[in-house]
Structures are given as structure tokens and as C-alpha cells.
Amino acid sequence: MSNDLERALSKLRFDDQVLGYSLMTKAGRPFVSFAFPENLFPRVKNSIKLYKADLRLMTIDTEKGLVVLAPVDDNWILTVLYVPELQLGLAIAKTKNVLRLLEGIELPPPPDEFEEASEDNLQVLESIAIKAASTDAETTPDTTPAVPEPEEEEEVELTPENFEVQPSTIPKRGEKYSTCLSLDSDLYKEMKKLYRNFGFDVLMLVDEKRSVSAIADSMFQPNERVVELLKWAASKQIVDVPVSESEGGTSASGKLGRFVQVPKFEGDMSKVDESDHPVIKLCDGTRTTEQVAKEASLPKSKVIQIIARYRRHGLKMIGKTI
Amino acid sequence: MPKIENPMLVSIYSHIVQDILAKTTSIEEANQELREIGRNLGSQIYLNTEIAEKTKDTITTREDVSKMVETAYKILFDKKPDDIDMESARGSVRITDEDCIWCQEVNLEGMRGFGYCEIFSGIMESLLDFKGVQAKVFQEMCRATGSDNCTWNVRLT
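Protein sequences, first through last, are from chains G and F.
Residue numbers 1 to 322, in this note's numbering, belong to the letters of the first sequence in order.
Residue numbers 323 to 479, in this note's numbering, belong to the letters of the second sequence in order.
Each hint should be verified, as a subset may be incorrect.
[Unchecked claim] To be clear about the criterion: a stretch of chain F counts as covered by chain G if any three or more of its residues have a C-beta under 8 Å from a C-beta of chain G, and this derived list gives those stretches: (1) 339 to 347; (2) 385 to 399.
[Stated by the list, open to error] Chain F is faced by these chain G residues, among others (derived, beta-carbon under 7 Å): (3) PRO160; (4) PHE200; (5) LYS209; (6) SER213; (7) ALA216; (8) ASP217; (9) PRO222; (10) GLU295; (11) SER297; (12) PRO299; (13) LYS316; (14) ILE322.
[Unchecked claim] Straight-line alpha carbon distances no greater than 16 Å define the calculated EDC-like cross-link-like pairs of lysine to aspartate or glutamate that follow: (15) F:LYS396 <-> F:GLU375; (16) G:LYS11 <-> F:GLU375; (17) G:LYS316 <-> F:ASP379.
The hints are simulated quantities; they were obtained by calculation from the structure and are not laboratory data.
Cβ atoms here follow ideal geometry from the backbone N, Cα and C, with glycine treated the same way.
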């Protein structure tokens, strides 16, 4: 747990635009801090007090920089100080990114007494987690694995494994899409329990135009995490995605999709030889070399020859899964 | 566009990575597979290079680990890593390389979390193991997926 937490927080530590951060209790006491100016703590504490349980994402513009406050769970608040010139949206996106890393980590509540902002507190937290895990293991072994699996109450209900979601899949809104987005619905609560805010954020990006990889990219997340959520959402009719044809659900390409390399030309088209235009125009990062060859009605070897000629003039090979 | 150094290595490694991506089902599994290849390579490197002679017999401190990383870099890549950070995180040594050999000219889209150069994690893990150091090495950032540099975390266990 402590390693994962440290890893998540190291994202901030090694970010040039982050001046400092602090993991605080819901009462506004700094628990683990890194280069966070002490004189900002009272101000942050006041803001936390002001919003209490209603605190969602909040920003405070200070003379030292932009402070973003984000609740991690019921007990913890992550506070990050960014350089003043950083755009607000970017600061929020960066904070959300770390929040998502923290989502997978079960943070125990803070101990009653601790030394404020000490780095050693990470170890304290770990020992609490270990203690909690050893007692939890006996009492709740069967509740945890049962959570991600949708119940099979009806014969026709499909499980997440029944759906085929690839990075290129464009998810559509399902019949329960709007129900799931209303905050007082049971479906929303279930999603929140399983995926925290990540579920909501993904669903907001399901616009029937964006592919899975486009959604993942705009959230700075790996495809597979979005795929996992969408499969669950599909099993609840929140989104519509294709149903897997193979009974076992394990397609040859696996969850990752097929890895391909696509040529993308980002150079000056006027410097491209007239005769190469038809090929280079097709190199927009959406087609593989084979597809370019097919569309240009040329042999693949010829296309490779042309593409290679522009390698030093703005043509890149991009790897991705489709 | 910079000239690719050691194009044979880059081509062979790119082939290995594509092979791994074709047969694995998740990014973490692919990372794991690449580390495993690196671990196997590590024993060959330890046998066939001067790393064993040029490093201390017993490695105990993070400074020793840092020197070993520098030696491995010198022997394998004939250069120095851009940074070896022993201060920021306790129990960790962080290696930063702004011109990583493995992912030269590689651009990946939509593959966040994938460590293109995880093979080096496996190599380092294995080399340290031969010197009696238990460590977990993983790639934290990769230029191929959009970071400014490649970073590996050597977590001493």
C-alpha cells in the first residue's frame, strides 16, 4: 500500500510544475507533505472547514501559486501547489490524474495521533493497513471479489466478459446512460463504489464519436482501464458496445487490441515531391502502411520506400493498439 | 531528427516488443514480460561483460547501487545516465535518461502505463541480484509514451 501511495505521490514530486503537495486529513491536518509551504496550511485548513463534507475539487489562488484541493476518500484530501503560471485546467487535470492512481489504493483512516507532515507517516499508514488487512481477511473474504462481478439475477443478463471492447471501439450511450449519471440513482452509487469518479468521468466522454483510445488519451489513462469500465457499464446497459462473438470471450488479439505502427506526416507538404503526394496525404496516423498501400493501389514495398524518404522531413511511425 | 544510435539493437528490440504486445492481454502483463526478458539477459550480460569485475563485490549502500548503475551504463551504452537520484525517495534510486537507447524514435499513442524500456528494469534487477542486492526495478516514465525522459525506479527491498 505504502509503495503504491509513494508511487502515486512521486508523480507530483517529479513534476516540474508542482511546487509542493500534502496529503491531509479531512480535518485539514497535513499528514505527509513535500515542500508544501507551511504558511499556506492555515488557509487550506479554513477552506476545508468551510466546505466540510461537500468538498469536491477546489482551487485557491495564493501568492505562492495555485493550490488544488481534491478529496481522495472520506478521510483524506490531497492538496497540491502548482506554479502560478500553470493553467487552471491543466492543474486540475494533473491532480485528477494522481487521484486516479490513488483510487486503487485502500487508504486506512489516519491514526488519532501523529506528527504533522512527517514523511515517516507513510510507514505509519502502512502498518495500519497491514493490521486492518489481517483482521479484514477473516471477516470479509467473500465480499471483495463479488463486487466487480455483476449479479446474474436474470438468465439473459450479460457479464462484462461477454462484451468485446477494443481501443478502436466507439461506445454508444445505452438506455440506462442518463440514469447512471443522475447522482441519486442506485446505478450511480454502484458505479461510484466500484470506480469512484473515474466512472463518471469516462461516461461524460461517451459522446458516440470518441473511440476508447481517444477517451483514454484525453484522460491520460491506459486503454485497458477504460475498457474494463466500459465492459462493466455495458453489462448494466449504461453503454452499448459490441457483444463478443466467441463463447470464451478471449479473442486472439487479447485485451490490448492489435499493436500496429502507423505512419504520420507532420512536415511541410510543399516539400513533398508531387508524385509522392497521394501516398504522403494518406499518412495521417490513422492507417497502417498496408492500408496506405491498398488505398493508393501500390505495392507495400513501394509505399515503404516513399515513407522512408520522408523520415527526416517530418514523417513519424506511431505505435498504437487498434 | 537525430540519427538512431545502434539501429540493429533498436530494430531487434522493437521486434521483441511487438511480439510481446501481440501475445499479452494487458499493459502490466506486457511490462512484466519485458522485465522477464531483461532478467534473462542480465545473466548473460553479467557473464559476458566486465560488470562483475568493475563493481564492488558487496553492494550495500545506495551509493554502491548508483555506481553499479553507472558502470552498467558505461559498459552497455558507453555513456552516463543523466541523473541518478538517491535523495528524493527513501529506499529508492531513480535513474533518468534523456536519450534512452531502447526507445529511440519510438512514438506510442494511447498506451499510457506501458514501459517500452522495461527490459532494462529486468537487466538491472538481475545484475543487482548477482551482487546480492534484492531490488524491484520498474520503469516510471517513458519517452515513447510522451514523457520528457525515461526513468527507472530501483526500489531496494
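Discussion item. For a quick check of understanding: which of the numbered hints are violated here, in increasing order?
Written reply: Checked against the structure, the hints that fail are numbers 2, 3, 4, 5, 10, 11, 12, 14, 16 and 17, while the rest are satisfied.
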